[in-house]
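As you go down the protein sequences, you meet chains A and B in turn.
According to our numbering, the first sequence is numbered sequentially starting from 1.
According to our numbering, the second sequence is numbered sequentially starting from 1.
Don't take each hint at face value.
[As the list claims (entries may be wrong)] Straight-line alpha carbon distances no greater than 27 Å define the calculated DSS-like cross-link-like pairs of lysine-lysine that follow:
#, chain 1, residue 1, chain 2, residue 2
1, B, K64, B, K205
2, A, K303, B, K28
3, B, K34, A, K246
4, B, K28, A, K82
5, A, K109, B, K64
6, B, K64, A, K246
7, A, K239, B, K212
8, B, K64, A, K255
9, A, K97, A, K82
[Claimed, not checked] Pairwise CB distance ranges (calculated):
#, chain 1, residue 1, chain 2, residue 2, range
10, A, K9, B, H124, 28 to 38 Å
11, B, N109, A, K10, 58 to 68 Å
12, A, G80, B, T25, 15 to 25 Å
13, B, A194, A, K10, 40 to 50 Å
14, A, G104, B, A194, 51 to 61 Å
[To be verified] In silico contact screen, one side only, chain B against chain A (beta carbon under 10 Å); selected entries:
#, residue
15, I36
16, C42
17, K107
18, R261
19, L262
Rather than coming from a laboratory, the hints here were simulated on the basis of the structure.
Ideal Cβ positions, reconstructed from N, Cα and C, are used throughout, including at glycine.
The lines below spell out each chain.
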Amino acid sequence: MKDLLSFVKKQVDQAELYYYQSVYNGVEYQNGKLNEIEGTIQCGYSLRIIKDNTLGFAYTKNLNSPELFLSGALSSLKAGTKTNLRFSESQNKFVLKTYEPEIGDLNSKKVVKECNRVIKILKEKLNTKIDIHLIYGTEEINIINTNGAELSSRFSYYLFLCSVVFPHTAGGLDYILKDKKFSPVPDSDLSDLIKMYYQAKPEQKLKSGRIKVLFLPITLYTVLWRLISGTAGHNIYYKKSPLINKIGEKIFSEKLTIYEDPHYDAYPFARTFDDEGTETKRFMIVENGVLKNFYYDLFYADKMGTRSTGNGYKNIMRGSEIAALKPVPSLEHITIKPGEKNLKEIINLMDRGIIVAGVLGAHSGNIPNGDFSVGIEPCLYVEKGQILGRVKNTMIAGNIYDVMKNVVEVEDKLYPAIMSGKALPAILFDDIMVVSA
Amino acid sequence: MIEKLKSFLSKIDGQYADLRYEIKTETKIIFSGKDITEVSACPTDGFVLRVIKDKSLASVTFTKEEDFQKALKTAVNNAEIMSKSKGVPVEFAPAPVVKDCFILELKENPSKISIEEKIDLTRHYNEIPYQIPNIMHTDIVYSEVTREKYFVSTEGSELSEKLVTTRIAGSIISSDGKIMQTVRVGVGGSNGFAILRNREQEFVKKAEIVSKLLKAEPISGGVYNVILNQSLAGVFTHEAFGHFSEADLIENNPSMREKMRLGAQLGVEILNIVDDPTQPDQLGFYKYDDEGIQAIPVQLLKDGVLVGRLHSRRTAKAFNESINGHCIAEDYHYPPIIRMGTILIQPANTSFEELLQILGNGLYLCDAMGGQTSGENFTFAAQYGYRVKDGKVTELIRDINISGNLYETLNNIQAIANDLKLGEIGGCGKGQTNIRSCYGAPHIIIKNAVIGGAQ
Chain A
1 MKDLLSFVKK QVDQAELYYY QSVYNGVEYQ NGKLNEIEGT IQCGYSLRII KDNTLGFAYT
61 KNLNSPELFL SGALSSLKAG TKTNLRFSES QNKFVLKTYE PEIGDLNSKK VVKECNRVIK
121 ILKEKLNTKI DIHLIYGTEE INIINTNGAE LSSRFSYYLF LCSVVFPHTA GGLDYILKDK
181 KFSPVPDSDL SDLIKMYYQA KPEQKLKSGR IKVLFLPITL YTVLWRLISG TAGHNIYYKK
241 SPLINKIGEK IFSEKLTIYE DPHYDAYPFA RTFDDEGTET KRFMIVENGV LKNFYYDLFY
301 ADKMGTRSTG NGYKNIMRGS EIAALKPVPS LEHITIKPGE KNLKEIINLM DRGIIVAGVL
361 GAHSGNIPNG DFSVGIEPCL YVEKGQILGR VKNTMIAGNI YDVMKNVVEV EDKLYPAIMS
421 GKALPAILFD DIMVVSA
Chain B
1 MIEKLKSFLS KIDGQYADLR YEIKTETKII FSGKDITEVS ACPTDGFVLR VIKDKSLASV
61 TFTKEEDFQK ALKTAVNNAE IMSKSKGVPV EFAPAPVVKD CFILELKENP SKISIEEKID
121 LTRHYNEIPY QIPNIMHTDI VYSEVTREKY FVSTEGSELS EKLVTTRIAG SIISSDGKIM
181 QTVRVGVGGS NGFAILRNRE QEFVKKAEIV SKLLKAEPIS GGVYNVILNQ SLAGVFTHEA
241 FGHFSEADLI ENNPSMREKM RLGAQLGVEI LNIVDDPTQP DQLGFYKYDD EGIQAIPVQL
301 LKDGVLVGRL HSRRTAKAFN ESINGHCIAE DYHYPPIIRM GTILIQPANT SFEELLQILG
361 NGLYLCDAMG GQTSGENFTF AAQYGYRVKD GKVTELIRDI NISGNLYETL NNIQAIANDL
421 KLGEIGGCGK GQTNIRSCYG APHIIIKNAV IGGAQ
C-alpha cells in the first residue's frame with residue numbers, strides 16, 4: 001500500500017488509500033434443517049485524491065495496475081467536486097478489544113453443532129418453523145494517506161439470528177446474539193422466546209384507533225432511520241431536514257437520550273477511527289429529549305465549516321461492494337440510554353396496545369420528513385398488561401417528531417440491534433394510529 | 001477466460017462444480033442538489049465457486065485467483081459438514097450442456113458515449129425540477145452497470161454473457177418551509193443508452209406532482225376500494241405474489257408450500273400472471289441465468305389458478321418440476337438465487353375510464369415507493385394518489401401505504417384494465433440486489449385495501 005501511495009503522491013496534492021479484507025462463513029437453517037453454508041473471501045481498495053481542491057475517487061478489487069487505478073481517480077476529477085478538506089493525520093492512539101483470537105479456531109462444524117443444539121431445544125417445545133442465520137468471520141481495515149495517517153483495525157464477529165415463525169407467515173419472533181467469538185445461546189433466552197411464542201400464538205382482532213405501541217429493540221430502526229436522516233450532516237447542508245436550526249431545542253420526550261457510542265466494544269465492530277481515518281468519539285445526538293448534535297464526515301464538515309465528528313463511513317446497506325462506496329455521514333453505533341423499568345413492568349403499563357415485533361416497509365415513505373407507515377408482522381396484542389395473541393393485517397403510521405414526544409417508558413436493558421443501532425432497549429409510545437382490517 | 005476457469009475446475013473432485021468469473025464495471029455520476037459530487041467508472045471482478053459433494057451444495061466467493069485453493073478447501077469442508085449433519089440433500093435437475101457467447105445488440109452502446117455527454121444529460125435532467133415552484137432538493141444519479149460474465153461447469157457448459165443496465169434516477173424533494181415531500185423519478189433499461197434520451201417530460205411531471213403534494217391532504221387510515229396504477233400494481237405483483245412463486249422461498253415453509261401447490265385457485269378468474277425474462281427491450285431481459293440455463297417464459301397464474309413457479313436446478317429437482325432459468329446473482333459477491341425476471345399481470349379488455357366507473361368512490365393510487373413482504377402479508381407505499389368520487393379523479397392525497405394479505409387480495413381484484421406498462425427502474429432486494437428485476441401491470445381495482453395513515 002505504501003508503494004502505491006508513494007506512486008500516487010507524485011501527481012496529486014493529497015491522497016488516501018483504503019484497503020479491506022473480509023473472510024466469513026454464513027450458515028443458514030430453514031425449517032430446522034441445515035440448508036446452506038456460504039463462504040466469502042473478499043478484499044478491495046479505494047483511492048481518494050485531492051488535486052487543485054478537487055476531489056477524485058476510484059476503487060478496484062484486484063490491484064493489477066496501479067497506473068490504471070490512479071488514472072481512474074484522475075478521470076473522476078472531471079466531476080469538479082470542490083473541497084477544502086484535509087485527510088486525517090491521526091494515528092492509532094488507543095486500542096479497543098475488537099478481535100478475539102479464538103475466532104481463528106472456530107469452524108463451521110462447531111457452529112453447526114451449536115445450531116443443532118438450539119434447534120433441538122426449540123423443537124421439543126414448539127411445533128413450528130424455526131430458521132437460523134449465523135455469520136462468523138473476520139474483517140480488517142487499513143487506511144494510509146499522504147498526511148501521515150497510518151491506521152489499521154482487525155475485527156472478529158459472531159452474529160446469531162433465530163426466528164420462530166408463526167404459521168402462514170414468513171415473520172416470527174426474532175432472537176439476536178452478537179459477540180466477537182463463539183458464544184452459545186443461554187438456555188434462559190430460549191425459554192423466554194418459547195414463552196413469548198405461546199403468548200403471541202392465538203389470533204386476535206383489533207379495533208383501529210390511537211393506542212399504546214411498544215417497539216421491541218429489533219424494530220426500533222423504523223423510527224431511528226428517520227432520526228438518522230434528520231441529523232445527517234449532508235441533509236443539514238442540503239436543508240433536507242426538519243431539524244435545521246433546532247440544536248438546543250427539545251424535540252423528543254425527556255425520557256429519550258440517544259447517542260453515538262463507537263467505543264462500546266462488548267459487541268463487534270467498535271471503532272477508534274472511521275472509514276476516512278478520523279478519530280471517533282462518543283457524543284450525544286439527543287439528550288433528555290433535547291437535540292444536541294448533528295454528525296459529519298470530512299466532506300460535509302468542510303462544507304458546513306465545522307469538524308468531522310468521526311462519522312465518515314462507507315455506509316453499507318445491503319451487499320454493496322465496500323470498496324466502491326465513498327465515505328458519507330453515517331451513524332454506525334447508535335445507542336439509547338436505558339430507562340428504569342423492565343420489559344414486564346412496561347407491558348403492565350399497557351391497558352390496550354400492540355407490540356411491534358417485526359415491520360414491513362420501514363424503508364418506504366417520506367423518510368426526510370420523519371413520516372413512517374409500516375405493516376406489522378408479527379403484531380402482538382396486549383390488554384391489561386397481558387399479551388393475548390397476535391393480530392394480522394395491521395399498520396401503524398405517524399411522524400417521529402410527533403410520536404417520539406409521547407414516550408411512556410424506556411426499558412432498563414440494552415439488546416444487540418440490527419439494521420441500525422448498536423445497543424437498544426424496547427420503547428413504549430402512546431397515541432400512535434393503528435389500522436387493522 | 002473460459003480456458004482459465006476450465007483449468008481451475010479440472011482440479012475439483014466432487015459430483016458437480018461450477019465457476020463463474022465476472023468483471024463488473026459501474027459508471028456513476030451523482031448529483032446532490034445542484035452539485036455534482038461523484039464521477040467514477042471503475043471495474044471490479046471476482047469469482048463464485050459452487051461445489052456439490054455427498055449431496056450437499058456449498059459455495060464460496062473470492063476476489064483473487066490465488067485464493068482458489070483456499071476457496072475450494074472451504075467449499076469442500078462446508079459441503080462435508082452439511083452432509084454429515086444430515087442437511088437437506090441436494091441434487092440438480094438435469095440440464096442441457098450449453099456453449100455460447102451472448103452479447104445483446106444495444107440501441108446506442110453506452111460505452112461509446114463520452115463521460116462528458118453522460119454528465120451533461122444527467123445535469124440537464126437534474127436541472128428540470130428546479131424550474132418548478134417549491135422544489136428544494138434533488139438527488140439524481142446516472143448509473144451504468146456492465147456485468148461481463150463467464151461460466152463453466154463440470155458438466156461441460158461454457159457460457160459468457162454481457163448485461164448492460166443504464167438509468168438516470170433519483171428523488172425530488174419539495175418543501176414549503178413546514179413539511180417536505182418526496183417522489184422518485186427515473187428512466188432506464190437494459191437495451192442501451194437511447195432510452196435515456198428525450199425523457200424531460202418524466203422529470204417535469206414528477207416535479208409538478210411533488211410540488212403539489214405540499215398542499216395535498218394526508219390520507220386517513222382505513223379500509224378503501226382502490227385503483228392501483230401500473231407501477232403500483234406491478235410492485236404488488238412482484239412483492240405480494242411473485243416472491244411466493246420463487247420456489248426457494250416456500251420450499252422449507254410447509255404452510256406456504258401447501259397453499260402454493262400447483263392447481264390451487266389462488267385468485268379471481270380474470271387474473272393471469274407471467275414471468276418472462278425473454279421479453280425484448282425490457283429491463284428484466286437476459287438469455288442465460290447464473291447456472292447456465294436458458295431463460296424461458298413461465299406462466300405462473302392462469303385464470304387465477306397457480307400453474308407454474310420459478311426454479312433453480314436444485315429446487316426444480318426438489319419439486320419435481322421443470323427448470324426455467326430463473327437463478328440469478330447480483331454479481332461476483334454472491335451465488336445465484338431464484339429471482340423474477342419480468343413479472344407482469346396480463347392485460348384484460350377494460351379501459352382505465354371504465355375502471356373509474358366500476359370503482360365509483362375510492363382512491364386512485366400511483367407509483368411505487370418501496371415494498372416488502374413477509375409470508376402472506378405485504379406492505380408497499382404509493383408516492384401519491386387521488387380521491388375518486390362518482391367515477392371522477394379529484395383531489396391529490398399523500399402519505400399512502402397499503403398493507404394486505406396475499407390470498408385475500410388476489411381474490412379482491414375486481415377488474416383489470418387493458419393498459420399494461422412495464423417499469424424501467426424496478427429492482428429487488430431479496431438478500432441480494434437485482435437491479436434488473438422488472439415488473440408491471442395494467443391498472444387494477446382492489447377492494448377493501450388496508451391503508452395506513454397517521455390521522
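Pairwise hint evaluation, K82 (chain A) against K97 (chain A), where the allowed Cα distance is 27 Å at most: Given pair K97 (chain A), K82 (chain A) is violated - Cα atoms ~38 Å apart, limit 27 Å.
Verdict for K9 (chain A), H124 (chain B) (Cβ pair) under range 28 to 38 Å: 37 Å, holds
Holds or violated: K303 (chain A) to K28 (chain B), with C-alpha atoms at most 27 Å apart: 22 Å, holds
Verdict for G104 (chain A), A194 (chain B) (Cβ pair) under range 51 to 61 Å: Once the Cβ atoms are compared, 53 Å apart, the range 51 to 61 Å for A194 (chain B) and G104 (chain A) holds.
K109 (chain A) paired with K64 (chain B) [C-alpha distance capped at 27 Å]: This hinted pair holds, its Cα atoms lying about 26 Å apart.
Evaluation of the interface hint that places L262 (chain B) against chain A, nearest CB under 10 Å: 19 Å, violated
N109 (chain B) paired with K10 (chain A), Cβ distance criterion 58 to 68 Å: 35 Å, violated
K64 (chain B) paired with K205 (chain B) [C-alpha distance capped at 27 Å]: It is violated: about 47 Å lies between the C-alpha atoms, which goes past 27 Å.
Proposed proximity, K246 (chain A) with K34 (chain B) (alpha carbon, max 27 Å): Satisfied, since the Cα-Cα distance of roughly 25 Å is no more than 27 Å.
Restraint check for K28 (chain B) with K82 (chain A), where alpha carbons must lie at most 27 Å apart: 18 Å, holds
R261 (chain B) as an interface hint toward chain A, with CB separation required under 10 Å: Result: violated, 14 Å to nearest chain A Cβ.
Assessment of proposed distance window 40 to 50 Å (beta carbons of A194 (chain B), K10 (chain A)): 42 Å, holds
Violated hints for the displayed structure, listed by number in ascending order: 1, 6, 8, 9, 11, 17, 18 and 19.
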